[in-house]
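Student: Chains as they are written, first to last, in my numbering: chain A, 165 to 251; chain B, 165 to 251.
Since no wrong hints were added, every one of them can be taken at face value.
Each pair may be met inside one copy or between any two copies, as identical chains are not told apart.
Under the rule of at most 20 Å between Cα atoms (straight-line distance), these lysine to aspartate or glutamate pairs were calculated in the EDC-like manner:
(1) Lys176 - Glu203
(2) Lys246 - Glu229
(3) Lys199 - Glu229
(4) Lys246 - Asp221
(5) Lys246 - Asp194
(6) Lys246 - Asp217
(7) Lys199 - Glu233
(8) Lys176 - Glu197
(9) Lys246 - Glu195
What the hints contain is simulated information worked out from the structure, not anything from laboratory work.
There are 2 protein chains.
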Amino acid sequence: MVEPNTVVIGRKSVSNYVLAVIVMFNQGIDEVELKARGEAINKAVEVYNALRDRLGDSIELAGVEIGSEYSGTRRVSYIRIKIRRAF
Amino acid sequence: MVEPNTVVIGRKSVSNYVLAVIVMFNQGIDEVELKARGEAINKAVEVYNALRDRLGDSIELAGVEIGSEYSGTRRVSYIRIKIRRAF
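Chain A with its partners taken away, still in its complex shape (with noise of 0.2 Å):
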């Protein structure tokens, strides 16, 4: 289930969520969040980055949580990185 202010990273490259993101705050949501799972939790981390650095003190991160979940039958790790618009 994805929530609305929610951005599931997967095989996209880092700018198209990036971009997803900004659209977002541009719509006037106020918090997004970055969700990953394997692989992709990295990439959750660069997008932030690449937030950061594009926003600089316009964005606060609000949270980061961890920890694993079932897809079927097995476990996968998950990283959530809440982003709040501070503009």
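Start from chain A and add chain B according to the hints.
Tutor: Same frame as chain A, but now just chain B:
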């Protein structure tokens, strides 16, 4: 610079790092930091989850920090996962 209570996650297996952390806790260290950069970020989350499986409520997640830093002239993403012993 690696601090005494830091475990730098690299190319070794997850269970290798899990063991390193358990040994540190048994030596009386109260807080261990997992540090990983780039591709290893994902593995750091796996190490945390494996520790959670083995030690359950005997550990608590004290904080997760993400960001980027320079490695020579290259910028790389990093994660720091602070784990506290609660036994």
